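Residue numbers (this note's numbering), protein chains in the order written: chain A, 1 to 228; chain B, 1001 to 1289.
Derived by calculation from the structure, the hints in this document are not laboratory data. One thing to keep in mind: the hints can contain errors.
[As the list claims (entries may be wrong)] Computed list of chain B residues with no C-beta within reach of chain A, every gap over 10 Å:
id, residue
1, 1002
2, 1014
3, 1019
4, 1073
5, 1074
6, 1083
7, 1115
8, 1144
9, 1146
10, 1154
11, 1162
12, 1202
13, 1208
14, 1211
15, 1213
[What the hints assert, rightly or not] To give an idea of the chain A side of the interface with chain B (calculated C-beta under 8 Å), a few residues:
id, residue
16, 151
17, 180
18, 183
19, 206
[Unchecked claim] For each label pair, taking beta carbons as the anchor points, the in silico distance ranges come out as:
id, chain 1, residue 1, chain 2, residue 2, range
20, B, 1013, A, 187, 49 to 57 Å
21, A, 167, B, 1010, 40 to 48 Å
22, A, 114, B, 1199, 22 to 30 Å
Predicted, not measured: the structure shown is a model, and the values here were computed from it. Cβ atoms here follow ideal geometry from the backbone N, Cα and C, with glycine treated the same way.
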Amino acid sequence: MIRFTKVTKAYPTGVDPAVKDVTFHIGRGEFVFLTGHSGAGKTTVLKLMFAEERPTSGDVRVSGFAIGALGRDEVPRLRRRLGVVFQDFRLLDDRTAAENVAFALEVTGARPEGIPRRVARVLDQVGLGGRGEAFPRELSGGEQQRVAIARALVNDPPVLLADEPTGNLDERATRGVFQLLCDINAAGTVVVMATHDLDLVRHAGKRTLEMRDGTVVFDSSADATESW
Amino acid sequence: MNLLVREALVSFRRTRTLSALSVTTIAFALFVTGLFGLVLVNLHRALEEVAERVQVVAFLKRDTPSQTISAAMSDIAAFPEVLNVQYVSEEEALQRAQRELAEFQSVYRDLETNPLPPSIELSLRPEDRDARHAADVADRLRGFDFVDDVRYGQDWVQRLDSLRNIAGLVGLAIGAAFALVSIVITGVTIRITVLQRAREISIMRLVGATDWFIRGPFLLEGAIKGLLGGVLAVLLCAGVLVAFKAQHIGLGIGLAFFGAGEVALLLAFGVLLGFTGSLISVGRHLRRV
């Protein structure tokens, strides 16, 4: 589903590349942690996956899209096949939970008559059935992140990218969101989660890619790394 | 389409102060352009009124047979530049001189013979009331052998021409400058709106909205703001004209307001301003995100 081959990403202003010669492969149905300290390159790797950034060299492939060669008008097509969630939720404060989720369907031109049903289904799935009319300010951090996840899932993407999704949450909410991501993964969606919560990573027993100074220094599924 | 209108209205509602500021900015930019337009419209009207007096007069040799004159008059009336032709006999010329030159009434009364020749007076069609066409017509009139002399006030017709040219040129230059300033100011105002909604734009992009989809509501919003600004500007211009007329009765009485076409033009310019300003601002923003 996701393949990085000798990928380097250098920013014009940066001295060192943010990502250096990174190679890995994430197959169907996998749940992968991307770990490392701040500035290790986790976020850049995720940004390369949803074409927010383009590789300086090397090849990035996500769901069949070659990111390096992706035209600007093709980016929306890629994004509709990906769900992305962030630490800061990125919800629209003046819209209800249901409207935030519906927004993702509306802007991609989904048929209006099917939207309420799909929104209700995905809100149920993330455990927010009945909270659809609440505004983000009326929801806890964990609930807001669930709305963001619902929005990411509503288009049934095969891949879900999560950049520190539990970074702003307390322990209980963290466990809840993580369990939700595991459930989503169990239903067949590839989940890539960047986090520096090593406790969570240690106890989860999922594949882990550890990054340091822009390179992948450890892959818990060493076999997969070697085969690429 | 529904979504487009809804998003544009949502944005309007959410950024009320900023929207009001954009509309006011566009309104003032168009108001200044409109005021200048009013000056031009009235200057143009004044010049047209002066130009109506452009007349070519052919003085005829005395004793020209009336059949010759009437035959020539129908030829002359057929000149493409000519609006109408009028024969002024010697007697009519004298009566008119007595009437119009009251100071010399006694001189004319005491005359034993009428010194004034008969003449043919031509008025030209509005588009031909300039020095070149008047001179052309004069030349053709001189070709008739019963025509003694032709006058058309060459000096002042030429002066009128250059006045018209200057007015047109200044109008174009200042109008273009005002339009440019309007575009820049409007662009900046709309840019603030775009920046205020940067978060929303980034979310739209994140969930896979196309650039055109993102632009849509902004363009509609810009066009609506432009239209509202235009309406406000027309009202302001009308207000200024009314106030000016009230203050300067007598002087202002003949001042004209825009015709329907010019009002439509100003509104269309407003819509174009809002639309272009949005297109540029959103385009620049999208290129960076």
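Hint by hint, which ones does this structure get wrong, listed from lowest number up? 1, 2, 12, 13, 14, 15, 17, 18, 19, 20 and 21
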